[in-house]
Amino acid sequence: MRRLAYLIKEALTNIRLNRTTTLIAVATTAFTLACFGVFLLLYVNLRGMVGSLQDDIKVIVYLHDNLAQQSILEIQHRIKAEPEVASLAYVSKEQAMADFRTQFPAESHLLQGLGENPLPASFVVTLVPRFRSSDAVKRWSDRLRSVPEVAQVQYSRDWIENLAVVVVYLELVAVAVGAILSAASVTIIANTIRLTLYARREEIEIMKLIGATGAFIKIPYLLEGTVLGALGATLALIILKAGFEFFKQQLGQPGRFLGIESGFTFFSNQVSLLIVLAGLSLGFVGSFVSLLGYGRVKV
Amino acid sequence: MIQLFHVTKYYDRRPALFDINLQIDKGEFVLLMGPSGAGKTTLLKLLFCAEQPDEGQILVQQRNVARIRPWEVPYLRRRMGFVFQDFRLLPKKTVFENVALPLLVQGVSSFDARRKVMEVLKAAGIDHKKESRPPLLSAGEQQRVCIARAIVNGPFVLLADEPTGNMDPDLSSEIIELFKTINARGTTVVVATHNRQVVEQVNRRVVTLAQGRLASDDRPASDERVGQ
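Protein sequence lines, in the order shown, are assigned to chains A and B. First residue of the first sequence: 2, per this note's numbering; consecutive thereafter. First residue of the second sequence: 3, per this note's numbering; consecutive thereafter.
Hints in this document: simulated from the structure, not taken from any laboratory. Warning: the hint list may mix true and false statements.
[Stated by the list, open to error] For lysine-lysine, the following DSSO-like pairs were computed, each having C-alpha atoms within a straight-line distance of at most 30 angstroms:
#1 B/K182 to A/K10
#2 A/K219 to B/K47
#3 B/K131 to B/K94
#4 A/K219 to B/K94
Take the sequences, apply the hints, and build the full model.
Okay, here's the thing in structure tokens:
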């Protein structure tokens, strides 16, 4: 217990004595981790967005005008009976008009003066999850187009699929950038610890001479690197959070992307904790790397 | 207790020590004499496992340190004490903390460490400076702290490399008296020195090295060994 207290005290003393190098190491680590964090944040949000869009995919089946109520009911039963269909809702011409007015109040005057309602009646169809792939949606839509009462079938599958591909690429970029920046963080921390080792080489030599084991000598430096990594990661999270809130506030201003900012989310507590743990691990690895060479010094 | 058999050590293909055979018994006080470059420090380094011999064997308490594995070295050093000419004290730690360090690395409890440290500080006559830091102490005081640190573990042997190197005769004499006291309590003492005054003051076995070879091994008629 006394030894552990001593080792922790030594690590904190190292940090205190090398304030400037510690500060530089923490700031640089924070900056590199924040750069990686930006990619991660973008990736997490886009993936979330794609996921919710994929869950929300709907096919709109527009009907010809002037269909008899009976025909509409028949076609509703027919669509409902399809194995691909999870649910469907009928939107009458009047309902379509009311929806348009609600969604686009400023443009509602465009439809005035047309005399009759130009908007068609439709079915909004939700497919079962296993039929939500691009091919399945296309196959089903093509089949439905051959039904005489159906005027048009619309779905937004393709661009969602494209977005999913972008997300996959972003994932690859995030991994590559993460690997490069992690290596940079490890190097920075390793150099900081190396400087500390150099500054305290005489002390280390004395410790060896009085019978301190390699572990006893090295643990404070490993702790120091770990603390630097954790502090860097925490600072990176603070920077990211501040940047994220600023970005969200800018997006939320009137006249910009209305409502889009509510879809953006910051890292969950678990992910934040993982980032701190990652920083901590990078710090440990950095110290370990710098100590590898030092352990061979003979006293 | 310490035996060297045909020990040779080279530095840059030149022998720093050549074919040394030596035996040091328990409780002896041995002075290693010789001019600078004679191999005194190399011999102490070999005993302390800071170097390995290129040829020959070294037995320390029946353990062949010529074949010791690196991880075993700290454990052997904990049973030995070493005094340096340049003291090698940690400048930012107090005298008390410096002396307590060997006990700390062994995990000795605070209570026992305090008791032992105070005991050796008193024996070394430096207990009144326990809260001072080494840079504020005189050379003689720093050497006393170094000696206290070397004996705090109760080592079986105390090795000293030119412990009076930078001291005036009076101070040197005081330090040698301290070594004699430690030896009188049963600890084997090996002191490397080129100071003739020390030889006269100690009046014990003198091993002389010259150009890495054992030149002479003289025991005065009145040599008294503790523990024999």
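Here is what the structure says about each hint:
1. B/K182 to A/K10: violated, 38 angstroms
2. A/K219 to B/K47: It holds: about 23 angstroms lies between the C-alpha atoms, which stays within 30 angstroms.
3. B/K131 to B/K94: holds, 15 angstroms
4. A/K219 to B/K94: Answer holds: A/K219 to B/K94 is near 19 angstroms, not above 30 angstroms.
In terms of the numbered hints stated before, the structure departs from hint 1 and from no other.
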